[in-house]
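**Q** Spelled out, the chains give:
4 protein chains.
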Amino acid sequence: MILPKTNRLTNDQLAEITRIVEAFGCRIQPIVGAVRTIYAIVGDERDDLMITRLEGLNYIERIDKIQSPFKLMDKRSDLASHTIQLGGVKLGEELLVVAGQCTIDPKNPNLLYETAAAVKEAGAHVLRGGVWKPRTNPYAFQGDSKSLDILMEAHRRTGLPVDAEVMDENQLKLALDAGVHMLQVGARNALNYSLLRAIGKAVTDRPTVVLLKRSLHMGPINEFLSAAEYIASFGNPNILLCPRGTAPTLDGYRNHPDESITPLLKERTWAPVVVDPSHSVGKAVYVPACALAAVAYGADGLCIEAHVQPTKGIGDDPKQAITPDVLAETISQARQLWALTHAARVEARQ
Amino acid sequence: MILPKTNRLTNDQLAEITRIVEAFGCRIQPIVGAVRTIYAIVGDERDDLMITRLEGLNYIERIDKIQSPFKLMDKRSDLASHTIQLGGVKLGEELLVVAGQCTIDPKNPNLLYETAAAVKEAGAHVLRGGVWKPRTNPYAFQGDSKSLDILMEAHRRTGLPVDAEVMDENQLKLALDAGVHMLQVGARNALNYSLLRAIGKAVTDRPTVVLLKRSLHMGPINEFLSAAEYIASFGNPNILLCPRGTAPTLDGYRNHPDESITPLLKERTWAPVVVDPSHSVGKAVYVPACALAAVAYGADGLCIEAHVQPTKGIGDDPKQAITPDVLAETISQARQLWALTHAARVEARQ
Amino acid sequence: MILPKTNRLTNDQLAEITRIVEAFGCRIQPIVGAVRTIYAIVGDERDDLMITRLEGLNYIERIDKIQSPFKLMDKRSDLASHTIQLGGVKLGEELLVVAGQCTIDPKNPNLLYETAAAVKEAGAHVLRGGVWKPRTNPYAFQGDSKSLDILMEAHRRTGLPVDAEVMDENQLKLALDAGVHMLQVGARNALNYSLLRAIGKAVTDRPTVVLLKRSLHMGPINEFLSAAEYIASFGNPNILLCPRGTAPTLDGYRNHPDESITPLLKERTWAPVVVDPSHSVGKAVYVPACALAAVAYGADGLCIEAHVQPTKGIGDDPKQAITPDVLAETISQARQLWALTHAARVEARQ
Amino acid sequence: MILPKTNRLTNDQLAEITRIVEAFGCRIQPIVGAVRTIYAIVGDERDDLMITRLEGLNYIERIDKIQSPFKLMDKRSDLASHTIQLGGVKLGEELLVVAGQCTIDPKNPNLLYETAAAVKEAGAHVLRGGVWKPRTNPYAFQGDSKSLDILMEAHRRTGLPVDAEVMDENQLKLALDAGVHMLQVGARNALNYSLLRAIGKAVTDRPTVVLLKRSLHMGPINEFLSAAEYIASFGNPNILLCPRGTAPTLDGYRNHPDESITPLLKERTWAPVVVDPSHSVGKAVYVPACALAAVAYGADGLCIEAHVQPTKGIGDDPKQAITPDVLAETISQARQLWALTHAARVEARQ
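Protein chains in written order, with this note's numbering: chain A, 1136 to 1485; chain B, 1136 to 1485; chain C, 1136 to 1485; chain D, 1136 to 1485.
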């Protein structure tokens, strides 16, 4: 990683550096952080001659050589000072709450509008609404692009930024063109590197946040962080890591709750952790306890399925969406627990 | 299960009932609860003629026929009103804290005495101290009966009731003779039915509490409750269920934390759940978060390894014991979280 | 599923049927089998009126209503008589062997040409050669389109049909344009439904076989079969199911060998099972035993990594590729085991 | 480990060595092998002074210092040349087959006598018959000491050595007194170190073989070998390691078949591996394939549940016992596979 003396390289400087690294089979990737831009050398950067030549440039402050399959996501990376903001929340300073429907029903847009207003009232910062859905059954409802308009309308009515899952490049383009604020990568695509790369590249004129769910298997932590690195190394550092339960399941739950992975992630990466208790447990009645457990383990945010009338929902909502009043109570308890533990935890880290 | 009209059957009544059930290949087992004694029919109780004959006795109020491999532990059982008390705590009314050393070092009794005083000061209700230890390595220190004296001396000095793991009938006898208040069944013996039966039978003149750890595998919940039923069906209903992490492990933890099983247990059984965060995560730094997560999931108590000087400990203590000040802070946060969630949870159940 | 009286519907008949089903929100999908073409109704086909109208058409023999998330892959489906052929092997009649390199090294095309000749000599029917590779580390070699030419050249030199993994629609198009005979969907994309759909649709003028690997988690069997259904329901029934080990791993293996799933798959589906022992165990020395175990469980084929000089390989080859002589011996033993068990197994099924 | 110059130490020599090692807090344990007796130093044997003093004795040939939690079971141990024999089979030279009922029905002894004759006819070398059974349900039939007489009568009638599971010291004594030839430690007691120790100590005037099942969880290999070491280090080296499936299960099987662990075990230990396919898969129809897979992975023997009339069986037999004709065919195929692979495997090791 190259740190220039200024906040950003000039075009000429960037062109010069590009010529140097390309001669060694690498490319240069600017990563625009909240405060400054850093420049990742993508490829095998270990050639001493290349480093020597770069270090010789007078506008370079320092070159960091982190040996890691996730050198940008690494806690020791210069990206570690990068702050992600969404819905008025600076991640790490306040508990972020994403809430909304698993799946938007294009025949009942009002259900989403009512849900949006209700989750805002309950304290959520971002509205979740599934437009396209990965369904195990190929004959089940797969979502509908019409729902994208409904989602953006809900944004206009409430002011809440919105989140939608994308599963391929076509959906990615549609979502970004519509103005979706947070892109979600689902568990089934968590290791779909072509998609991760496309998302990383899809830099628009505003920062887009990516909620990267953990893969379905109890995979190693480095695999999770390397998946995030795919996105970052193509230009987008606004990544939230989302444990959401692993399979196969404990009897009684949809998945095996894995909020306990949070402290292990935080030992290695600076990226915020936003836990999804809804998919972890898969049944509304267990969601509040799982949400609190996530905060107990140090999560920076929660992604919860909520619905004004769960039984009228489609997708997973009839089973796992909680009602706005339960959401409000859960957010209230979660914030109190955050307040209770946060001071102590921050101190222990120093 | 037979419920007599009086709190307890007379000897003559018991003898009459015994004659009836033995004719059908069953036996009768009194289970002495806090308020009343119930009488379990052990064996295949489904013979209608036997039930008819028992129902004809004028001192019988009712016969409950619960079809379950854990009919005593079942939430619908008459034992459900049974309350377990230990160290001045009524389980369910206040968060129980068991704390102390993994393994007592017979060469350094003062370490236990100091630890005992310190965990009492930090707010623990019961002193844990490993006398005999199941060790993977057959050449490692296996514990020593001398440590039993040390444990009882710590009890005398602090007034705290004490807990020790027993692995066979010989250790069981020694522990009960010495006056140990809580017997622990470890994960490796969690399905050792001969031992569970012996513990169930070993009724003394005072109630002995049993802390039954969950087996190492991610086994079905009914298997856990059936193991508890072995103990109860031989006469001892004072059972605390203890999730302690399952294997194999998430990378970074000793075991796979399983405090999330708590709500699933509580749906089926009346027995209190006391989570062991120390073995779940296996490293001191993660213990406080795991303890809070257990309370978030509704645990009735915590069993935590603590040591005045962890690095001087033996067994697992150097790795996973927390110091008394961290214990005090953890107990304080856990109690606040308990207060925060308890009212709401009790309400949701009604 | 609609079975016409003739082997194939005329264009007029297809147009008429299309009008009917579209009126009920469904679409019609021809699936070209080895003997006849069947026509799947995709969408919610349970509307009685639609069925009645279709049954009234005089060129329709029968309409099958299988209630299953994988009605085409189901053993009871009319596709069950479909036979897949590749490399001169009719699946089910002879053990299919796919062998070759994990990753083609574009700098050393001769290594692939030599490997191709050697695996053909050893008895393999299809040449495997990784062109593009999903790599956990974003900075590792990701494959190169140049390798596609090398792979096709190996096909021209040996006559072996060739297999390559594709990870997105762009690679899919390149592979089909080049003439690749077997498309591989890797474990990380096993539930990437957008990709599965694209592969299903990509019908060319010749049959393309799809090797669908099992997802990394120990997921339910129906999830695996539903993933195959995505491909079939968009037009391509030539699907081979490929268990390849699940994660996390037993200590000592790369993954948890799962060839034992074969009999469970065969109870539900007609699709052939081709086991990948190389990724299951992840180390060359264990591959032959795992290959035989797969045949013991009834596998129809094997997909094995082999290399003339494993230590010169890239990707996984240095660790898990076996040499051609070990491959020849493994194929020989596997065929003898197939002969030993096949007669008996076929009989037991009848 | 102490290797004397003679096959066996004299009483005086043993007494002298005992005095030396006891001075260092150790004890000496003779392990009677098929050819010679070796003498294990149990305790912390790393004291140089102790080793020096022992090496000074003129009747000592050599002292082996293997640093391992399973130094006797280790492949590099002097026990590695020890050969276990049972039912006329030298383990390693011929495939051992243990077969018989899960649970003996004391009300129907003839079923066992007929099963015994039938499994002998089918080619089995040892008769399995459950006398006492660990049952998840405390109210289910737990076995009966009467069955021990039935088992020994089956031995007298057929000449087959017999195998029975023991769960505590009382059962151990009864089984040894009756003359049982092979003691089985079940999965639930696989880490019950008190029982393992008692079995190791219970040396009788004839060699007793121990079939040690793997624990229910997917535990590390060293844990399995250390459990075996408990038995060996108290005097009995006749140990067969028995993978039997781990929990939780793949859908469709009772457990997760784990015969694939065989090569990993054989890399570390000299002890023979005898796989139990019956509990691995839990359903008769899958047992033959699993048995063959075990041989494919290099198992030295099989332990199979078989019954002349499975539907009349008790315990697991109605579900998982195969009939004698299926057993005969399975044994025949297993022997052919053994012949096919054995020569090659032995060669590869040299």
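Do not rely on the hints blindly, as some may be mistaken.
A pair holds if it fits inside one copy or across any two, identical chains being indistinguishable in the list.
Unchecked claim - Using 30 Å as the maximum straight-line C-alpha spacing, the simulated BS3-like pairs for lysine-lysine come out as follows:
no.: 1; residue 1: Lys1308; residue 2: Lys1281
no.: 2; residue 1: Lys1418; residue 2: Lys1308
no.: 3; residue 1: Lys1418; residue 2: Lys1242
no.: 4; residue 1: Lys1308; residue 2: Lys1336
no.: 5; residue 1: Lys1336; residue 2: Lys1454
Hints in this document: simulated from the structure, not taken from any laboratory.
A quick note: this is a predicted structure, and the numbers were derived from the prediction, not measured.
**Q** As a check of your reading, is Lys1418 near Lys1242 (CA-CA no more than 30 Å) within one copy, between copies, both or neither?
**A** within (25 Å within a copy, 47 Å between copies)
**Q** With identical chains treated as interchangeable, where does the CA-CA distance between Lys1308 and Lys1336 reach 30 Å or less: within a copy, between copies, both, or neither?
**A** Answer is both: 11 Å inside a copy and 21 Å across each meet the 30 Å cutoff.
**Q** Should Lys1336 paired with Lys1454 be assigned to within, between, both, or neither, using CA atoms and 30 Å as the limit?
**A** Cα proximity of Lys1336 and Lys1454: none, with 36 Å in one copy and 33 Å across.
**Q** Up to 30 Å between alpha-carbons, please classify Lys1308 paired with Lys1281: within, between, both or neither.
**A** Both ways: Lys1308 and Lys1281 sit 15 Å apart in one copy and 28 Å across, limit 30 Å.
**Q** As a check of your reading, is Lys1418 near Lys1308 (CA-CA no more than 30 Å) within one copy, between copies, both or neither?
**A** neither (33 Å within a copy, 41 Å between copies)
Violated hints for the displayed structure, listed by number in ascending order: 2, 5.
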